[in-house]
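Using the sequences plus the hints, can you model the full thing?
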Amino acid sequence: MASALLFVLSSLGFGPRKVSDEFDSDTNERMWEYAMMLQERTMHFVLEAEKREQEYHRHSGMQAALSVLLRWQFWLCIGILVLFFWRLWHLLAPLRRIPERDSSSEEESSSSEEESSSSDEESSSSDEESSSSGEESSSGEEEEEEEEEEERPQPNPNDANNLADYVGQRIYWPLPNPTIRCQEVVEVVEDLLNIYNSSFQNTFFPELQSAIGVGSAFEGWSPREDDPVYRLLVPMTAPCGHSFHLELGNEGDMLARNSSIRVELECVCGKEQDFVDMLCFLHHSEDELKKQDPSLLDTLCTKSYLDAEKTARWFQNFVETAWVIMPQSQVYNVKMLPSTRSCKFQMTNAARRNLTIEIIFGVQQGDSDIFLSSQRTEAIFTLSTTWPQTCAVAERKFFQHITIEVWFHSLHLKCMQICARMLVGTSISTYVIKTVVMHLLTTVHLEMWHRDDFLLRLDDIIRYLHCCLEEKRLNHFFFGNEMVPDVIVLPPAFQFSSPVNLFEHLEQDTRAYTRMLEEFQELRNRFTRLIIYGH
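Residue numbers for the sequence shown follow this note's numbering, beginning at 1 and rising by one.
None of these hints come from the bench; they were simulated from the model. One or more hints might be untrue.
[Stated by the list, open to error] Capping the alpha-carbon separation at 35 Å, the derived lysine-lysine pairs in DSBU-like fashion look like this:
#  : residue 1 : residue 2
1  : Lys303    : Lys291
2  : Lys472    : Lys434
3  : Lys397    : Lys434
4  : Lys472    : Lys397
5  : Lys335    : Lys397
6  : Lys434    : Lys310
7  : Lys291    : Lys310
8  : Lys310    : Lys290
9  : Lys290    : Lys303
10 : Lys335    : Lys303
11 : Lys310    : Lys335
12 : Lys335    : Lys434
13 : Lys290    : Lys397
Computed from a predicted model, the values in this text were never measured in an experiment.
Take a look at the structure:
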């Protein structure tokens, strides 16, 4: 610091310089002495400045060290106090139990005094002594046993409150939620439909609408834990120049299993069409129509009826071809699964996690929530041109309505899920349980479908099914039922129809009825084991 300041002063002309020969010797000497004196004062000033600077740094360093030291001493005192009180708490712990021991000792001493007094009395009457001592000992043993039982709290299956908590902990909450991946499934199918609409825009294949999630997975109670099947119904409309005509089956046939879809050509002469230069299939010659794509009658129909198997096979080929341009192809590998009346495929990612999707096709019946679908019936043989009625969309809409009414509670779904798991290995279908729950949801007030009523609602389902089996009658929910919510749109034939019995076959088949009764007894035994053991 001093050398730097001296250099600056020298550069400014205050330092010693060479004496010029222009002045006389006295003048030069006085100037030299003045310069030396000025230099000494400057050096003295510089040294004092450095000294003050060092003292300042030393003082500030001591203050910082002192503050750190004080802070360390403060936290050390806090730690010592905490350790002291912790140790004091443990030392006083035995003292807190002294009054209990004193009271127990006083009770023992009093009991000993009573025993001594009783022994004196017993010496006068030996018979009375033996009887009284026997009674006292038996009562004492009973009291001890009662105290031991009270000290061992165990869930009592005969106690409704304890049983509800017991079942709620072991059964109710661990069940999986199958709706977690529903949004992902819908996105996959919507991407496929977008590619389809852009690829078949100017063709005469059916026009596909937005998919509707149906079935137990989308309703929230799928009994399959590991790999539920996500089923979606894709509504179809007739392409340009065509029309669909629904031919329902026999009126006595439940859900019109023998229904079909007849395809007719329409005249498009003089009408504005979506694509240019479209020829009318009715009023142009065969040679002229060769320049145009074939009609729907020549591709997906058998005779004049839409073929469900041809439709499913055609869409399967489309999925295999279009998957390479799907965004999900970077994450999932697709594998087509065997299916004759639907498009079923499995997606597998790098972690070997599977996602099974099944796409069924349907044509809406008017403006209602009832469709004619390509889904297979329970019959042994189903014609490829058969499109039975399905209430899958109406059922999904019903459970959506119930979910809105009960807010975040989903007790009815948990009950259905548990019952469906108990039905494994029996011939009682999950649709029977589903129908029973739908009837109970419209007869038992929704406020009573709470977690606190879990066991009661499970018992209601079992009892309702038992009554239906005894009467050999379980009415279909959507036929002739005045309790159907107004949000569900049904065809007039459903509204004014007489109730349809799902157990009608039991009235004619005695063996089937006997077997179902035995399976119901097994179901009841499983329900009892589930309540007691939790599995």
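Results of checking the hints against the structure:
1. Lys303 <-> Lys291: holds (23 Å)
2. Lys472 <-> Lys434: Measuring from Cα to Cα gives roughly 17 Å; hence the hint holds.
3. Lys397 <-> Lys434: holds (14 Å)
4. Lys472 <-> Lys397: Roughly 28 Å between the alpha carbons, so the hint for lysine 472 and lysine 397 holds.
5. Lys335 <-> Lys397: holds (31 Å)
6. Lys434 <-> Lys310: holds (32 Å)
7. Lys291 <-> Lys310: holds (24 Å)
8. Lys310 <-> Lys290: holds (22 Å)
9. Lys290 <-> Lys303: holds (20 Å)
10. Lys335 <-> Lys303: holds (32 Å)
11. Lys310 <-> Lys335: holds (20 Å)
12. Lys335 <-> Lys434: holds (31 Å)
13. Lys290 <-> Lys397: Measuring from Cα to Cα gives roughly 45 Å; hence the hint is violated.
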